[in-house]
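The listed protein sequences correspond, in order, to chains L and Z.
Residue numbering for the first sequence follows the UniProt record's numbering, beginning at 1 and increasing consecutively.
Residue numbering for the second sequence follows the UniProt record's numbering, beginning at 1 and increasing consecutively.
Since the hints were made in silico from the structure, they are not lab data.
Note that the coordinates shown come from a computational prediction; the quantities given were computed from them, not determined experimentally.
You can take every hint at face value.
Chain L residues, not near chain Z, derived (Cβ > 10 angstroms throughout): (1) MET122; (2) GLY138; (3) TYR164; (4) ARG168; (5) ASN274; (6) PRO282; (7) GLU318; (8) GLU341; (9) VAL343.
Derived DSSO-like pairs: lysine-lysine, alpha-carbon spacing no greater than 30 angstroms straight-line: (10) L:LYS73 with Z:LYS57; (11) Z:LYS57 with L:LYS216; (12) Z:LYS57 with L:LYS77; (13) L:LYS77 with L:LYS373; (14) Z:LYS64 with L:LYS228; (15) Z:LYS128 with L:LYS172; (16) Z:LYS64 with L:LYS373; (17) Z:LYS57 with L:LYS228; (18) L:LYS305 with L:LYS58; (19) Z:LYS128 with L:LYS176; (20) L:LYS378 with Z:LYS57; (21) Z:LYS57 with L:LYS373; (22) L:LYS172 with Z:LYS64; (23) L:LYS205 with L:LYS216; (24) Z:LYS64 with L:LYS73; (25) L:LYS378 with Z:LYS64.
Cβ coordinates follow ideal geometry from the N, Cα and C atoms, glycine included.
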Amino acid sequence: MTLKSVLTGAISGAVIAVSMPASAETQLNVVTGGSQNMVEYVTDYLGPLFEELHPSVKVRVTGTGPGDAGSQKILEKLEAQSAAGKEQWDIDVIVAAQKKTGEMKEKGLLADFRGNIETGKMVTRETAENALGVYVGGYVMPMFHSQTAIAYNPALVPNPPESYDELREWVKKYPKQFGYNGIKNGMSGVAFVTGWMYTYSGDAKTLQNGPYDTAKKDSWADAYAGLKAFNENVTFTPGNAGTLDMLNRGEIVMGPVWVDMFYSWQADGRIPPNLKLKLIAPGMPGQPYYYATPAKATNKELAEKFIELATSPEVQAEGIVNRFNWYPGIDADHVKASLDEKVWNKLFTDVTPLELAQKGKPFPIGPYFDDIKEGYEKQVSN
Amino acid sequence: MSGQSMSVGPGRTGALLLVAPALLMIGFLFVYPFGYSVVSAFTDNGEGSWHIANFTKAIEFYSKDILFTIVIVSLSTAIIGILAVAIAGYLTLGENPTAVAILKWLYRWPLFIPFIVSAQLMRTFLAKNGMMNNILTSSGIIEPLAAQSYLDWRGIVITFVWKQTPFVALLVAGAMASIDRTTIDAGRIFGASRLRILIELVVPQIATTLMVGLILSYVVMLSVLSVPLMINAQSPTMLTVDMAWRINSYGDYGVANALGIMSYLFTGVVAWFYLRQSLKDKGA
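Okay, chain L solo, but in the shape it has when bound:
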């Protein structure tokens, strides 16, 4: 399946490249961060849909890779074109992770476009205004929201821990059966550590909303010491996919994962169908991916139309929720109407909407986020 889609992607890329000079078609350049599924979303679904509505346009997709690393590449490309004083930048639509999108907005690389599109009114969630402490209202449209949770095997763990406190006790009883990927190998591990710091640093609200205080990180020593002791009884996994792989092979029975990845892997038969999810208290973070358009995009109007289509209730229902198992980017009420009850419920089998509202947290604001990661490197892993 993946190989096939890579091949079709490569072939369609080649076809576009070949057909370009022959016709006077407009090319819309979409650059997307995120894993392979993000690229597939545009090549297999959104791109063809947009081309159908705009026959003279070709959508060309480039994937830059998962995590902040992938979005950092987009930031660097835009920054370079800006520094070179170019009047037209060759990226029309970007899809990027939260923290880096905030940085792009701060550096003046993005355009204020939300007021120009119809669907702009359909987002009221806090993440549409605030990207880890940076005000991004008007500059972004959430593509989807994703959430981390603990995946577990109910055959072996009939009563999974309900909270971080219970999990700490659980790993003492069953050493090496819980696995996560540290912080350098993907965001599900970072999310787990962030949830830990929300629980034990004493002040989750300030971490999420500011204001920033440099001295705050000095008060986290106990939380890190606890995590270091916790890590003694943990198996480390190689990456987000690595955690799922190890769950699949039965090498661990519990570990933090991205909810969308979990459901997609389950649908593909890459992890056993009986595995379940648990969002533990007081909560774990999740994040949106954003659509945005660069300040000097070559095809500004088309880019806006593309984002408008991508965030329309129908596309959010069919593409985001039904096909790719993400939580919708625009407000759920608008999406629910376009969806079969069954499909909607599938998203909320293990994590109920109420749990999601109570225990789904944002990541911390940028500077605290860096402090948390550096503190982990210094006090837990070094």
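Assemble chain Z onto chain L, guided by the hints.
For chain Z alone, coordinates are given in the frame of chain L:
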């Protein structure tokens, strides 16, 4: 090119023109970025005054990783050396033509497999319930409970050795094939065992080639990101992972470049041996 052939060649300007493209490439693609990263390592991303804060931070955060990197790469280089000599030695001194032919055909395969693919192979092969342990358990060699994951420092060493041994073995086997067979025959006539012939007669004659192969492997392994990233889930980890992490997670080129400069120093030491050796060879 010696002085003599220069005089009958295309002349000084022509010669300069001929090397110009190569020189420009090195200038743009190596010297300029290198200078830039040195400046960035000693300043705040190329701006402000000179300081060594990036280096103190790099050591404070990654001292274990620095040590880990040196140990892993050195250990891998040593094992590669031993295996390469063993393989090339058997190819040269082996007496069973079928075994030699099979080995000759087999040993080069990893050469054609990129590091990232090797890492992915090893990830499924060396895992706790991976292929290797499954084979060992089902054939009764180990108990299922004794199976353990090799996806840690051992996994990195195994992958490096598997990937780089053929390269060194190829060089060494070539060198062994071209040494004077009479020295080997002389050893045999006096009744020396094959192992003794290999260690005392053959290896000293190909030592230079062996060293060059090992130095090149050392430098390559020091620069690989995919293998430690995909195989080693734990900390400590290798410097390449830390460099990528500093940039991707914090946008911090200063500390990343400081770590880079340290890697340059590690390669610099062996590069110095390499240059000294090749100058000596030219002189001889």
